Amino acid sequence: AQSVTQPDIHITVSEGASLELRCNYSYGATPYLFWYVQSPGQGLQLLLKYFSGDTLVQGIKGFEAEFKRSQSSFNLRKPSVHWSDAAEYFCAVGALSNTGKLIFGQGTTLQVKP
Amino acid sequence: KAGVTQTPRYLIKTRGQQVTLSCSPISGHRSVSWYQQTPGQGLQFLFEYFSETQRNKGNFPGRFSGRQFSNSRSEMNVSTLELGDSALYLCASSLDGGAGTGELFFGEGSRLTVL
Numbered sequence: 001a002q003s004v005t006q007p008d009i010h011i012t013v014s015e016g017a018s019l020e021l022r023c024n025y026s027y028g029a030t031p032y033l034f035w036y037v038q039s040p041g042q043g044l045q046l047l048l049k050y051f052s053g054d055t056l057v058q059g060i061k062g063f064e065a066e067f068k069r070s071q072s073s074f075n076l077r078k079p080s081v082h083w084s085d086a087a088e089y090f091c092a093v094g095a096l097s098n099t100g101k102l103i104f105g106q107g108t109t110l111q112v113k114p
Numbered sequence: 115k116a117g118v119t120q121t122p123r124y125l126i127k128t129r130g131q132q133v134t135l136s137c138s139p140i141s142g143h144r145s146v147s148w149y150q151q152t153p154g155q156g157l158q159f160l161f162e163y164f165s166e167t168q169r170n171k172g173n174f175p176g177r178f179s180g181r182q183f184s185n186s187r188s189e190m191n192v193s194t195l196e197l198g199d200s201a202l203y204l205c206a207s208s209l210d211g212g213a214g215t216g217e218l219f220f221g222e223g224s225r226l227t228v229l
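Residue numbers (this note's numbering), protein chains in the order written: chain A, 1 to 114; chain B, 115 to 229.
If you're looking for bench data, these hints aren't it; they were derived computationally from the structure. The structure displayed is predicted, hence computed values, not measured ones. Built from N, CA and C at the ideal position, the CB exists for glycine as well. Treat the hints loosely; a few may be bogus.
As the list claims (entries may be wrong) - Sample of chain A residues facing chain B (criterion: CB under 10 Å; computed from the structure): (1) Phe34; (2) Thr55; (3) Pro79; (4) Trp83; (5) Asn98.
Stated by the list, open to error - Distance ranges between label pairs, derived from CB positions: (6) B:Ala116 with A:Pro79: 48 to 58 Å; (7) B:Gln132 with A:Gln2: 44 to 54 Å; (8) A:Ala1 with B:Gly176: 17 to 27 Å; (9) B:Gln168 with A:His82: 38 to 48 Å; (10) A:Gln2 with B:Gly198: 17 to 27 Å; (11) A:Gln45 with B:Arg144: 20 to 30 Å; (12) A:Trp83 with B:Ser165: 41 to 51 Å.
What the hints assert, rightly or not - Where chain A lies over chain B, by a calculated footprint (3+ residues, C-beta under 8 Å): (13) 128 to 137; (14) 183 to 195.
Please build the complete structure, drawing on both the sequences and the hints.
The following block contains the structure:
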């Protein structure tokens, strides 16, 4: 079955500290992988995506993610977190043949301590 | 470039009623997808429309339906509302449903409360 797992429901980090949000996927086809961020009352904003090629992808707002096929993981990282990064983060997987459909993880809520 | 516009942003209905939500995609985008977001089930795919045709469908009952117009604007309808239909309904547009660019652009959602 196709699925995305984000093991951490809540994460709290101090401002200026590094961040890693975990994501594991199970998908039969060649996956397209995404990280989205959602602020309260808002829609989803794409942070970055991986289709193929270099397994380390850079996104907006200083985020990066690394695709590890052997571990079925696509973890999101940021070297130094800002208070404005507090939000909910979603990992998602899609496929070329599954138009319009992304399978999302349950999300990780990030709290940033001053 | 204007983003994805969803209307209404908030609405309250009672059980048994029906509701229609509207989505205007980004200009030039031909694909519109709909998602339901709830605290318990998370984000779940409802359906995708491309060039006025439903091209992909999630696992929701027939009470959930949609359509797309020639200008790519889309509507979704939920009939015979149930309490469990209370959710944030998100619309996403893309050039081709993500098959090529892989990127969906989301609107801010329509928050439906069923009493």
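Next item on the list: Using Cβ atoms only, decide whether Phe34 of chain A comes closer than 10 Å to chain B, and label the hint accordingly.
Entry: Holds, because the Cβ-Cβ distance from Phe34 of chain A to chain B comes to roughly 7 Å (cut-off 10 Å).
Item checked: Restraint check, 10 Å cut-off on beta carbons, for Thr55 of chain A near chain B -> Since chain B brings no Cβ nearer than about 16 Å to Thr55 of chain A, farther than 10 Å, the hint is violated.
Item checked: Ala1 of chain A paired with Gly176 of chain B, Cβ distance criterion 17 to 27 Å -> holds (23 Å)
Check: Is the hint on Pro79 of chain A kept, meaning its closest Cβ partner in chain B is under 10 Å away?
Finding: Nearest chain B Cβ about 25 Å off; hint violated.
Item checked: Hinted contact Trp83 of chain A with chain B - closest CB pair below 10 Å -> violated (22 Å)
Notebook entry, point to check: Do at least three Cβ atoms from the stretch 183 to 195 of chain B come closer than 8 Å to Cβ atoms of chain A?
Noted result: violated (count 0)
Note to self: Is the coverage entry for the stretch 128 to 137 of chain B by chain A consistent with the three-residue Cβ rule at 8 Å?
What the structure shows: Per the Cβ count (0), the hint is violated.
Item checked: Hint check for Gln2 of chain A and Gln132 of chain B - Cβ pair distance inside 44 to 54 Å -> violated (31 Å)
Notebook entry, point to check: Falls inside 41 to 51 Å, the C-beta gap from Trp83 of chain A to Ser165 of chain B?
Noted result: Given about 44 Å between the Cβ atoms, the range holds.
Notebook entry, point to check: Against chain B, with CB atoms and a cut of 10 Å, does the hint on Asn98 of chain A hold up?
Noted result: Result: holds, 7 Å to nearest chain B Cβ.
Check: That 17 to 27 Å hint for Gln2 of chain A and Gly198 of chain B (C-beta), does it hold up?
Finding: holds (23 Å)
Checklist line | Distance restraint evaluation - Gln168 of chain B, His82 of chain A, Cβ atoms, bounds 38 to 48 Å | finding: Distance hint for Gln168 of chain B, His82 of chain A holds at roughly 41 Å.
Checked against the numbered hints above, the structure breaks hints 2, 3, 4, 6, 7, 13 and 14 and satisfies the rest.
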